[in-house]
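*Asks:* The chain contents come next:
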Amino acid sequence: MTQPKIVIQNASFGYNDQHLVWENINIQVNERDCLCLLGPNGSGKTTLLNCMNGTFPLKNGTILINGKNIKSYSIGEMAKTIGIVYQEHSAPFPYSSLEVVRMGRTPYLGMFETPSKEDTELAYSIMQDLGIGHLAAKSYTQISGGERQLVLIARTLCQEPEIILFDEPTSHLDFKNQAMVLRTIKRLSNNGMTIVMTSHFPNHVWKIGTHVAMLGFNGMVMQGTVDEVMTEKYLTETYKVEVKIYETETDKAKLRYCEPIFE
Amino acid sequence: MALKKKMESEVIEKRISAWQWLLMAIIPLSLLFLSLFLGRYVIPPKQVFQILGNKLLGFHFIPTWTSSAETVILQVRLPRAIMAALVGAGLSMSGSAFQGMFQNPLVSPFILGVSAGASFGAAVGLVLELPVLAVQGLAFLFGILAVGIAYFLAHIYKATPILMLVLSGMVVSAFFQAMLSLIKFIADDEEKLPAITFWLMGSLGSIKVKDLAIAVVPISISMAILFLLRWKLNVLSMGDRESRSLGVNNELIKAVIIITTTVITSVAVAFSGIIGWVGQVIPHFCRMIVGPDHRVLIPATMLVGAAYLILIDNFCRLLTANEIPLGILTAVVGAPVFAYLLRKTKGGWN
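These protein sequence lines map, in sequence, to chains A and B. Read in order, the letters of the first sequence are residues 71 to 333 in the numbering used here. Read in order, the letters of the second sequence are residues -13 to 336 in the numbering used here.
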């Protein structure tokens, strides 16, 4: 049994002393897991993600990354271990996409160092690998939202992390771009990357998730494998609206999806 | 395959060629040289060459010139032109560093209140009729003080968010401008008020060798540090959240950038008064030529900024019999150019 990648124990967090966003959270993420965090708006999914890479300190409890307390990680060490793709990002300057991807090498550079030729090559080969080599010269501010998301994923891969966190990677994207991003995440997961991702789309869990954690208000509703957790009961409980699960078959595979039921 | 990939990634990178760098370096140097020949006091070019040859290269031309010609070239024009280069390079580099850090291509290096603080300091010195060195010292100290206050006002929750920095910079500037007005109000309007007013307009007219000797060390060291941090400016400009996730110690880098730019701007302001629009226009202009990558942009702004201020200062000396204050010309030239660049780049977002 290998060591779990992320262990969250009795964690609670609040932006102020009066109100906790969530408390007593316990989550374990093993190597190669793709954990999806579901939950309604305001349940603190993104906050939890930000605690996992040490951006926000917990109020109580501990987070262990590779068995080591998150508090003893330096900012640079953390960036080599965990990469994060935030949900929406725009740059004030029209850097080329290659430039943005190359920024992923920053944790490996000293304070006064600039990236080497090897760094550039690595960045470019990662872009080609993700099928976005043609974007390299294009300005990061002028590509589509989905392409930008892929560029950010390439940048994160450039950090050579062991874990990647995704904060709602498909929000604001149309179907084609959603598919493009999800396919990429799925591929990373199949290649052995440990992934935690928040999502507003329960349907995406069936497409790429291995495990699910559902956050209700002030705490966890349920966590486990996809089949254990993705039930009408728990979905209804989490979202406070009746949810039905349907099954259908395409010529390739069985497909499951859910819909909220309302008038 | 590996070879092919390498070539592709190199083709994609738009590089500034050695020739372009050479050109960018030759322009300020030749302007500096040229400005030794220009001025109201007419010295034949041949004599200028001979004076320079004797003093700098160790030739032994027989002097056919007056000693005042020698003084004009070596004690007045040379230090003045070098100071113009230093101040122009420093303000432009500070401007582009701040624009990167504040994630906004329109920011000026005076955004944290350094010019307001320094103006107040200088005005106090002028009203008290202190010696020149003390006036410069006060301007420098109050410039640093203003930025220091802005920085600590902006420091919340162990961080200094960009928005807080901008706002506290505004507050500090407003305060010191009010204090400056107060000083002007109580100053004697025969001598001291005009002195303050002239100082605020900015000028390199009274720069001496010893001023240069004081200014060159802190400005050069600070510029060197900014140059070394140029890659971090790219990462920092992506936003605090992003750069932290990329392993950058934001607070440390921001503090270093603020300290170095403040040293540059306060020294520049202390010796030359308020020279506006250089630190805004030059980085914007350079970004149009060499692109947004700070690895290239920072050295480019340094060279172009130096050339620009030498050029403008020469116009100040030559246009009218009574020198036009430098700060007026940089604004007269800078504001319309900036407006043009704004229209052309539509705010610089593309």
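Honestly, the hints are just simulated from the structure, not real lab data. Keep in mind the model is a prediction, meaning the values are calculated, not measured. Among the clues, some could well be false.
[To be verified] Here are the simulated DSSO-like pairs of lysine-lysine, each with C-alpha atoms no more than 27 Å apart in a straight line:
1. 150/A to 144/B
2. 208/A to 144/B
3. 141/A to 144/B
4. 129/A to 144/B
5. 330/B to 138/A
*Asks:* Each hint should be assessed against the structure and marked as holding or not.
*Replies:* Hints and how they fare:
Under the criterion of a C-alpha separation no larger than 27 Å, the hint pairing residue 150/A with residue 144/B is consistent with the structure, at around 23 Å. Our distance criterion of 27 Å between C-alpha atoms is broken by residue 208/A and residue 144/B, whose separation comes to about 37 Å. With a C-alpha separation of about 16 Å, the suggested pair residue 141/A and residue 144/B falls inside the 27 Å cut-off, and the hint holds. In summary, the hint linking residue 129/A to residue 144/B is supported, as the alpha carbons are separated by about 16 Å, within the 27 Å threshold.
Simply put, residue 330/B and residue 138/A have alpha-carbon atoms about 53 Å apart, too far for the 27 Å limit, and the pair is violated.
When held up to the earlier numbered hints, the structure conflicts with 2, 5 and fits the remainder.
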